[in-house]
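A.B. asks: Here are the chains, one letter per residue:
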Amino acid sequence: SAVISQKPSRDICQRGTSLTIQCQVDSQVTMMFWYRQQPGQSLTLIATANQGSEATYESGFVIDKFPISRPNLTFSTLTVSNMSPEDSSIYLCSAGLTGELFFGEGSRLTVL
Amino acid sequence: QKEVEQNSGPLSVPEGAIASLNCTYSDRGSQSFFWYRQYSGKSPELIMFIYSNGDKEDGRFTAQLNKASQYVSLLIRDSQPSDSATYLCAVLKMGGSQGNLIFGKGTKLSVKP
Numbered sequence: 001s002a003v004i005s006q007k008p009s010r011d012i013c014q015r016g017t018s019l020t021i022q023c024q025v026d027s028q029v030t031m032m033f034w035y036r037q038q039p040g041q042s043l044t045l046i047a048t049a050n051q052g053s054e055a056t057y058e059s060g061f062v063i064d065k066f067p068i069s070r071p072n073l074t075f076s077t078l079t080v081s082n083m084s085p086e087d088s089s090i091y092l093c094s095a096g097l098t099g100e101l102f103f104g105e106g107s108r109l110t111v112l
Numbered sequence: 113q114k115e116v117e118q119n120s121g122p123l124s125v126p127e128g129a130i131a132s133l134n135c136t137y138s139d140r141g142s143q144s145f146f147w148y149r150q151y152s153g154k155s156p157e158l159i160m161f162i163y164s165n166g167d168k169e170d171g172r173f174t175a176q177l178n179k180a181s182q183y184v185s186l187l188i189r190d191s192q193p194s195d196s197a198t199y200l201c202a203v204l205k206m207g208g209s210q211g212n213l214i215f216g217k218g219t220k221l222s223v224k225p
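As they're listed, the protein sequences go chains Y and P.
Under this note's numbering, the residue at position 56 of the first sequence is numbered 56, and the numbers go up by one with no gaps.
Adding 112 to a residue's 1-based position in the second sequence gives its number in this note's numbering.
By construction, these hints were calculated from the structure, which means they are not laboratory data.
Keep in mind the model is a prediction, meaning the values are calculated, not measured.
Hints are supplied without guarantee of correctness; some may be wrong.
Listed below are the simulated DSS-like cross-link pairs for lysine-lysine, each with C-alpha atoms no more than 27 Å apart in a straight line [unchecked claim]: (1) P/K154 <-> P/K179; (2) Y/K7 <-> P/K168; (3) P/K114 <-> P/K224; (4) Y/K65 <-> P/K179; (5) Y/K65 <-> P/K220; (6) P/K220 <-> P/K114; (7) P/K220 <-> P/K168; (8) Y/K65 <-> P/K168; (9) P/K224 <-> P/K179; (10) P/K114 <-> P/K179; (11) P/K205 <-> P/K224; (12) P/K168 <-> P/K114; (13) P/K154 <-> P/K220; (14) P/K154 <-> P/K168; (15) Y/K7 <-> P/K154.
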């Protein structure tokens, strides 16, 4: 399995600000992804983080709101821009390895 | 119809019993199915995946897949209080990348000592 570290683990943010979440994997992986888990809900894929190119976003998610970087095979960032209370959620980084998908511990964001 | 459906529970079983968790999916062409366990406040942890019809066993866990009925289940034998968690069923979206999993809302399992 892959060990995936995220930071911050949690944060409280003000409306209108932006926050960047970092994700580090302990081994080189082909696929990295960002998911969101809203309170009481299941996980929803935000985007696939592509190494060296623009991320691939799922329906309902846009680059201006959730810019993603992936400069190499072990690291990615997700920025939540111009936050509103509706963005309060857990954001999870995940990595695909040999057909299995593993998750980081998540970043719990609360927007006031 | 939701793409992946699970009974939200809670499902309560006594310690030592068999817990049966069920999941149905809408895309008949789906090929890959996953079960994750999520403890409260923690991230999902992969328990098992199954690709072929039939049963797949791993320790106390057995995944069952019936593609004709579009049905996946997870059996937990000799349930322990430490198995108390939310169990998420996930299906790989057809045409999607490896990580494009469609998750159900999860079934909360409670194992009583």
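A.B. asks: Does each hint fit the structure? Answer for all of them.
C.D. replies: To see whether the hints hold, each was checked on the structure:
no. : hint              : result
1   : P/K154 <-> P/K179 : 31 Å, violated
2   : Y/K7 <-> P/K168   : 36 Å, violated
3   : P/K114 <-> P/K224 : 31 Å, violated
4   : Y/K65 <-> P/K179  : 38 Å, violated
5   : Y/K65 <-> P/K220  : 32 Å, violated
6   : P/K220 <-> P/K114 : 19 Å, holds
7   : P/K220 <-> P/K168 : 22 Å, holds
8   : Y/K65 <-> P/K168  : 41 Å, violated
9   : P/K224 <-> P/K179 : 33 Å, violated
10  : P/K114 <-> P/K179 : 17 Å, holds
11  : P/K205 <-> P/K224 : 35 Å, violated
12  : P/K168 <-> P/K114 : 26 Å, holds
13  : P/K154 <-> P/K220 : 14 Å, holds
14  : P/K154 <-> P/K168 : 26 Å, holds
15  : Y/K7 <-> P/K154   : 14 Å, holds
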